[in-house]
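S.K.: So the protein sequences, as listed, match chains A and B.
Residue 345 is where the first sequence starts when you use our numbering, and the numbers rise one by one after that.
Residue 29 is where the second sequence starts when you use our numbering, and the numbers rise one by one after that.
If you're looking for bench data, these hints aren't it; they were derived computationally from the structure.
All values derive from a computational prediction rather than experimental measurement.
Misleading hints may appear alongside valid ones.
Ranges of calculated distance between the beta carbons of each label pair, as one might list FRET restraints [stated by the list, open to error]: (1) B:Lys85 with A:Arg453: 23 to 33 Å; (2) B:Gln73 with A:Gly372: 32 to 42 Å; (3) A:Gln362 with B:Pro46: 24 to 34 Å; (4) A:Gln361 with B:Pro46: 45 to 55 Å.
For glycine and all other residues, C-beta sits at the position ideal for the given N, C-alpha and C.
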Amino acid sequence: ETGVTQSPTHLIKTRGQQVTLRCSSQSGHNTVSWYQQALGQGPQFIFQYYREEENGRGNFPPRFSGLQFPNYSSELNVNALELDDSALYLCASSGDLVSSAQYFGPGTRLTVL
Amino acid sequence: AQRVTQPEKLLSVFKGAPVELKCNYSYSGSPELFWYVQYSRQRLQLLLRHISRESIKGFTADLNKGETSFHLKKPFAQEEDSAMYYCALSVRDTGRRALTFGSGTRLQVQP
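Could you put the whole structure together from the sequences, leaning on the hints where they help?
M.R.: Okay, structure coming up:
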């Protein structure tokens, strides 16, 4: 069974740029959630995708957007980067909407200068 | 809105001592509670979920709805238990199952 993978591992961008982060869900999982983890904080829910449709969103502005593909992999896009967007971005997959146990990837560390 | 509170940022104990990591939540309905653990340089891993009522690596956690708590306990700490522990809550909200995390407690087990 393949676990959740994310790419890239690290990324450095400047303010105002755009970034795309990628996630491959665990084999057999059709639900993907994205979280932002700032230093010293717990992860915060950004949004969730279920079968290619957005299925709920946390308190993040519209410049955070996402996609889920037919193979259930996913992208997180952030436009007009701000310094406060510097964080660890975590992707988590789960088997379906009934099961809330989520399995996390290693994360992408984004630094905005 | 739901909220999870972990009052201790750091808990330091000696090997063999009992451990209790505190977690309190606020939610008026019936949540599902989890403990996640992150060992050094590893990803966040699911440790326990309250509906399973199981013991993993000697850890147990009981949901106390009256006190809205889900404390994580282990009778005898081991050095390999040193890690960051996060309590998380999930509710069925318009079909989505997002996790709300606490800010985490770092457990340091000293030899």
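S.K.: Determine for every hint whether it applies to the structure shown.
M.R.: Tested hints:
1. B:Lys85 with A:Arg453: 23 to 33 Å: Since the Cβ atoms of Lys85 of chain B and Arg453 of chain A sit about 27 Å apart, the hinted range of 23 to 33 Å holds.
2. B:Gln73 with A:Gly372: 32 to 42 Å: violated (18 Å)
3. A:Gln362 with B:Pro46: 24 to 34 Å: violated (50 Å)
4. A:Gln361 with B:Pro46: 45 to 55 Å: Distance hint for Gln361 of chain A, Pro46 of chain B holds at roughly 50 Å.
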